[in-house]
Amino acid sequence: MSTIQPKLSGLKPEKFQKEVKGKKTDLYTLVNKDGYEVSITNYGGAIVAIMVPDKNGKVANVIQGHDNIDDVINSPEPFLSTLIGRFGNRIAKGKFTLNGKEYQLAVNNGPNHLHGGPTGLHAQVWDAYQAGDQNLTLDIKLPYGHEGFTGEVKIAVEFTWTDENELIIEYLATTNKKTIINLTHHAFFSIQGIANPTPTIENQVLEMNCDFYIPIDETSIPTGEILKVEGTPFDFRTPKAIGKDIDADDEQIKNGSGYDHCFVCNKKEVGELSFVARLTDPVSGRTLETYTTEPGMQVYTDNFGSGIPGQFGATFPRRSSICFESEHFPDSPNRPYFPSTVLKPGEKYKQTTIYKFGVE
2 MSTIQPKLSG LKPEKFQKEV KGKKTDLYTL VNKDGYEVSI TNYGGAIVAI
52 MVPDKNGKVA NVIQGHDNID DVINSPEPFL STLIGRFGNR IAKGKFTLNG
102 KEYQLAVNNG PNHLHGGPTG LHAQVWDAYQ AGDQNLTLDI KLPYGHEGFT
152 GEVKIAVEFT WTDENELIIE YLATTNKKTI INLTHHAFFS IQGIANPTPT
202 IENQVLEMNC DFYIPIDETS IPTGEILKVE GTPFDFRTPK AIGKDIDADD
252 EQIKNGSGYD HCFVCNKKEV GELSFVARLT DPVSGRTLET YTTEPGMQVY
302 TDNFGSGIPG QFGATFPRRS SICFESEHFP DSPNRPYFPS TVLKPGEKYK
352 QTTIYKFGVE
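Mapping of the sequence shown onto the working numbering: residues 2 to 361, in sequence order.
To be clear, the hints were calculated from the coordinates, so they are not data collected in a lab. Keep in mind it's a predicted model, so treat the numbers as computed, not measured. Keep in mind that a hint or two might mislead.
Taking CB as the label site, the calculated pair distances span [as the list claims (entries may be wrong)]:
1) F313 - N136: 38 to 46 Å
2) Y130 - K351: 44 to 52 Å
3) A242 - G23: 42 to 50 Å
4) K24 - G225: 24 to 32 Å
5) G23 - N75: 35 to 43 Å
6) T120 - D218: 44 to 52 Å
7) Q105 - E153: 29 to 37 Å
BS3-like mimics (lysine-lysine), calculated; alpha carbons at most 27 Å apart, straight line [as the list claims (entries may be wrong)]:
8) K349 - K179
9) K142 - K102
10) K345 - K102
11) K96 - K25
12) K19 - K8
13) K357 - K241
14) K142 - K351
15) K178 - K229
16) K56 - K345
17) K155 - K269
18) K179 - K102
19) K269 - K357
20) K25 - K179
21) K56 - K349
22) K357 - K345
23) K25 - K94
24) K94 - K19
25) K241 - K269
Ideal placement from N, C-alpha and C gives every residue a C-beta, glycine not left out.
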């Protein structure tokens, strides 16, 4: 059971307590020394509140979420600020081959497989262990054949909320049979603060430590190329407003209806924890820096949002949030020259991502 009552968000743990498929859901709140909070439910690992100050010290929730478990379960955006897997992002036509055998997954996004399928990690009740005020671990076991994947996979995700307002997410997974895995968190960040309506992200300024990106076809599957961002709307190496090129007359922008692309993180060595992105909101002065060990970062500017209702009367219009999904590249199982997403028995899948909130 959750023990910490949220003070800043107004969320009520009892509204997140329910039995789903024989398992209990709850709300878990992490609090740092300054009293700033992160609230997470063990249904899908959905983060429903990140309460941090702006430049004047005013605290607001900077992530999109719901205020009760039924709305989380039935959200019009099923991936709203949830954990994603067993395979994040898209797999072309839901097919991949492993050890000479072809596997067919759910096709749940146009002609393709997306985010582990309809009953992926976002729709599971996880076992939760809260150790102290600043740490939460979620565990789950996905059976062999779940959503068409091979291998029984055990996954643990640890959330740590530091005194520096950093949310550290560490992932660990093992399998008993060769499989593919690509875990991430689909946090929908609105760093100006959620509201009715939540303001657009188009005036927010983004800087990315990425020299290359992965172009997609009209169904959002990688073309197989890895292209330079230079001279394209995808060049955020120098900070610029997200809205500057979000509707550019560019085939790639049209294919994503804005930004919905995987950027290649600049790395000195594979798996190093490195800076990838910095987001600044000129109105509130809030900043968000993202660091990850992953080779890629899917940047999604909420192009398909439709003004869904969120917590306490907040509404989430199109392009009112941005997602930084740290991951391996989309459709990797069908692209042997992309970094491998294969996990074998005896190996450990590990991933760390840090979201650091600040003000300037």
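Evaluated hints:
| no. | hint | verdict |
| --- | --- | --- |
| 1 | F313 - N136: 38 to 46 Å | violated (27 Å) |
| 2 | Y130 - K351: 44 to 52 Å | violated (19 Å) |
| 3 | A242 - G23: 42 to 50 Å | holds (48 Å) |
| 4 | K24 - G225: 24 to 32 Å | violated (41 Å) |
| 5 | G23 - N75: 35 to 43 Å | violated (19 Å) |
| 6 | T120 - D218: 44 to 52 Å | violated (27 Å) |
| 7 | Q105 - E153: 29 to 37 Å | violated (19 Å) |
| 8 | K349 - K179 | holds (12 Å) |
| 9 | K142 - K102 | holds (23 Å) |
| 10 | K345 - K102 | holds (16 Å) |
| 11 | K96 - K25 | violated (34 Å) |
| 12 | K19 - K8 | holds (22 Å) |
| 13 | K357 - K241 | holds (20 Å) |
| 14 | K142 - K351 | holds (16 Å) |
| 15 | K178 - K229 | violated (37 Å) |
| 16 | K56 - K345 | violated (47 Å) |
| 17 | K155 - K269 | violated (30 Å) |
| 18 | K179 - K102 | holds (12 Å) |
| 19 | K269 - K357 | holds (21 Å) |
| 20 | K25 - K179 | violated (31 Å) |
| 21 | K56 - K349 | violated (41 Å) |
| 22 | K357 - K345 | violated (32 Å) |
| 23 | K25 - K94 | violated (35 Å) |
| 24 | K94 - K19 | violated (36 Å) |
| 25 | K241 - K269 | holds (25 Å) |
The structure shown violates the earlier hints numbered 1, 2, 4, 5, 6, 7, 11, 15, 16, 17, 20, 21, 22, 23 and 24.
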